[in-house]
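Sequences are here, hints too, so could you generate the full structure?
Our numbering puts the first residue of the sequence shown at 541, with every later residue one more than the last.
Some clues are possibly wrong.
Estimated spans, in silico, between C-beta atoms of each pair [stated by the list, open to error]:
#, residue 1, residue 2, range
1, F643, H704, 25 to 35 Å
2, I678, R709, 42 to 52 Å
3, T629, K670, 28 to 38 Å
4, N651, F677, 42 to 52 Å
5, N708, F643, 46 to 56 Å
6, L693, W660, 36 to 46 Å
Derived from the structure by calculation, the hints contain no laboratory data. For each residue, glycine too, the CB sits at the ideal point set by N, CA and C.
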Amino acid sequence: MPRNTLKKLMPNKDKIMQGKSMHMISDLLHKSGVWNFNRRYASRAVLIGVFCAFIPLPMQMFIAAIICILAKANLPLSIACVWITNPLTMAPIFYATYRLGAFILDIPISNFGIELSFHWMQAELARIWKPLLLGSFICATAFSALAYTIVDLLWRWSTIKRWHNRQNRKS
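Next up, the structure:
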């Protein structure tokens with residue numbers, strides 16, 4: 541069950557390779573085992589993808605791709621998991637991580653208005669970077685560990701279930 545479901549949800553190799561940042565590492569992508577799909581590669585990919593999704597930096601997919609090459613994880617699944625933080629979910633997720641970091645650091649949460657200017661972004665980031673990074677790291681660690689465990693357990697459960705079904709058909 542998890543294998544077929546995850547394969548349906550994953551982007552294909554050609555789409556990933558068309559990305560602007562991916563052509564810089566295309567030689568590594570062809571040589572490494574990042575296209576393999578088994579329990580270990582999938583579990584690692586989910587861990588890496590979810591962790592990178594909580595990094596409040598641009599180029600999360602590129603960071604995930606580099607880590608996938610180094611850790612021998614499934615690249616398409618990792619890239620799909622990075623899109624947990626997409627343009628619709630990014631603001632609420634990073635606001636929640638900021639609030640968590642501010643709570644842990646005991647920093648008062650300030651209200652602010654949003655302006656689309658470099659000056660505003662520079663001023664706000666200088667003020668919120670510590671709680672944002674701390675909250676992001678805590679959430680990335682917790683949610684990636686949880687996702688890894690869920691995928692690993694679901695994969696094992698599915699394998700055991702298929703094995704039992706085969707044994708029942710034989711008898």
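Tested hints:
1. F643 - H704: 25 to 35 Å: Between F643 and H704, where Cβ atoms are some 46 Å apart, the hint is violated.
2. I678 - R709: 42 to 52 Å: Given range 42 to 52 Å: holds, Cβ gap about 47 Å.
3. T629 - K670: 28 to 38 Å: 23 Å, violated
4. N651 - F677: 42 to 52 Å: 24 Å, violated
5. N708 - F643: 46 to 56 Å: 51 Å, holds
6. L693 - W660: 36 to 46 Å: With a Cβ separation near 44 Å, L693 and W660 satisfy 36 to 46 Å, so the hint holds.
Of the numbered hints stated above, those contradicted by the structure are hints 1, 3, 4, listed in ascending order.
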